[in-house]
Amino acid sequence: MKTIIDNYIRKEMFPNIWCPGCGNGIVLGAIIRAIDELKWDKNEIVAVSGIGCSSRITGYVDFCTMNTTHGRALPFATGIKMAKPDLKVIVVMGDGDCSAIGGNHFIHAARRNIDLTAIIINNMIYGMTGGQYSPLTPTGKFGSTAPYGNIDQTFDLAELATAAGASYVARGTVYNARQSSSLIKKALDKKGFSVVEIISDCPISYGKMNKMKSPVDMLKWIKDITVSKKVWEALSEEEKEGKLVTGEFVNIDRMDYSEKYKGIIKKAQEMGGNKQ
Amino acid sequence: MKQKKLFEVYQNNSVKISVRREWCKSCGICIEFCPKDVLVPDDQGKPIPENIDACIKCGLCELRCPDFAITVGGVEEKDE
Ligand SMILES: Cc1ncc(C[n+]2csc(CCOP(=O)(O)OP(=O)(O)O)c2C)c(N)n1
Ligand code: SF4
Ligand code: SF4
Ligand code: SF4
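Sequence order for the protein chains is A and B. When we follow the working numbering, the leftmost residue of the first sequence carries the number 1, and every step to the right adds one. When we follow the working numbering, the leftmost residue of the second sequence carries the number 1, and every step to the right adds one.
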């Protein structure tokens with residue numbers, strides 16, 4: 001029996017390396033289903049990742065792939081896009097990868113509005129290295145480096161991307177895998193910098209330290225803390241505390257970086273290399 | 001108990017549920033969140049569609065499986 005998924009994966013790499021119930025696999029499925037609906041040619045797609053459990057995704061997909069260094073997936077992807085603007089470049093990052101060490105790259109990719117799709121698998125922790133808290137660990141939750149609870153204020157990646165100028169910003173969850181897949185599809189199809197944050201589960205590094213030992217416990221929790229935009233708008237500020245809104249937040253048309261760059265090449269050629 | 005194959009196919013007149021047991025990690029997600037309680041865990045925690053007649057083919061088990069280990073289709077769909 002052959003499934004949609006089988007057409008896009010490196011089957012010899014399975015079963016995947018992730019822990020039982022890890023949300024990374026659910027996001028991988030959501031990405032593949034979105035690409036299948038778009039009918040994209042596998043050879044035109046480049047998937048780029050950094051380092052982390054989530055970044056292992058690039059090892060499993062049968063596209064052109066690049067597994068780079070921690071936090072630097074966006075700069076590598078930017079290079080690919082600038083050299084070959086016709087390629088479809090997808091960047092998969094963990095929450096630590098994207099918002100801590102790679103935070104500046106994220107802001108500036110959005111500011112430039114470079115035509116990449118960033119998918120952030122937000123399991124709210126450094127999964128691979130044993131549960132250190134990340135900028136997306138909720139305040140009060142526990143990590144191996146926050147044994148008495150995290151005192152930091154949490155980033156809102158969607159708001160950050162919006163403020164920095166991304167063309168498309170959305171948030172989904174692994175519990176709501178179907179919605180996540182359709183948000184990813186819209187992001188992939190969007191010209192400019194598109195961002196989809198997927199709230200995900202890490203039962204091993206996050207769950208264990210936060211009284212959610214099983215993947216099922218974690219998915220129930222994700223279901224409880226996330227609300228649709230419609231529900232969110234009716235909540236009081238107090239009720240919003242500890243909750244995350246899901247759905248599409250930004251979907252605008254803004255000229256992307258490659259188009260602007262093409263424009264500057266044309267201008268330079270017309271001026272015969274003479275600067276003004 | 002009879003040793004199960006690496007790949008098991010269960011079906012009735014309208015639904016076919018395939019379980020790639022080799023890839024399944026017994027996480028329990030498909031079993032817990034099936035809206036119709038179709039699936040029950042076997043002695044290894046892998047799903048068995050004991051209540052297959054109640055399946056509404058919503059596909060949620062397939063979409064949420066992190067290991068691509070369960071698929072739901074119609075019986076008319078041919079295997080490749
Ligand atoms: C430059 C550098 N700093 C630190 C590390 C160690 N390191 C590897 S993965 C990781 C964080 C992983 O967390 P996240 O990005 O959230 O991904 P997850 O594993 O949770 O999917 C860190 C700090 C590294 N590999 N390289
Ligand atoms: S440590 Fe967490 S993120 Fe990493 S594979 Fe295990 S469950 Fe997934
Ligand atoms: S398709 Fe839906 S109803 Fe059928 S087994 Fe899967 S989750 Fe249950
Ligand atoms: S969701 Fe997938 S891996 Fe988990 S028990 Fe069901 S078939 Fe197995």
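Incorrect hints may appear among the rest.
Cut-off 27 angstroms, straight-line C-alpha distance, at most; resulting in silico cross-link-like pairs (DSSO-like, lysine-lysine) [unchecked claim]:
#: 1; chain 1: A; residue 1: K262; chain 2: A; residue 2: K42
#: 2; chain 1: A; residue 1: K11; chain 2: B; residue 2: K36
#: 3; chain 1: A; residue 1: K211; chain 2: B; residue 2: K57
#: 4; chain 1: A; residue 1: K2; chain 2: B; residue 2: K57
#: 5; chain 1: A; residue 1: K262; chain 2: A; residue 2: K220
#: 6; chain 1: A; residue 1: K39; chain 2: B; residue 2: K5
#: 7; chain 1: B; residue 1: K57; chain 2: A; residue 2: K185
On the chain A side, residues computed to face chain B include the following (Cβ under 8 angstroms) [what the hints assert, rightly or not]:
#: 8; residue: G23
#: 9; residue: N24
#: 10; residue: K88
#: 11; residue: L219
#: 12; residue: W221
For the record, the hints were derived by calculation from the structure and aren't laboratory data. Where is the CB? At the ideal position from N, CA and C, for every residue including glycine.
Violated constraints from the hint list, given by number and in increasing order: Result: hints 2, 3, 5, 6, 10, 12 break, sorted rising.
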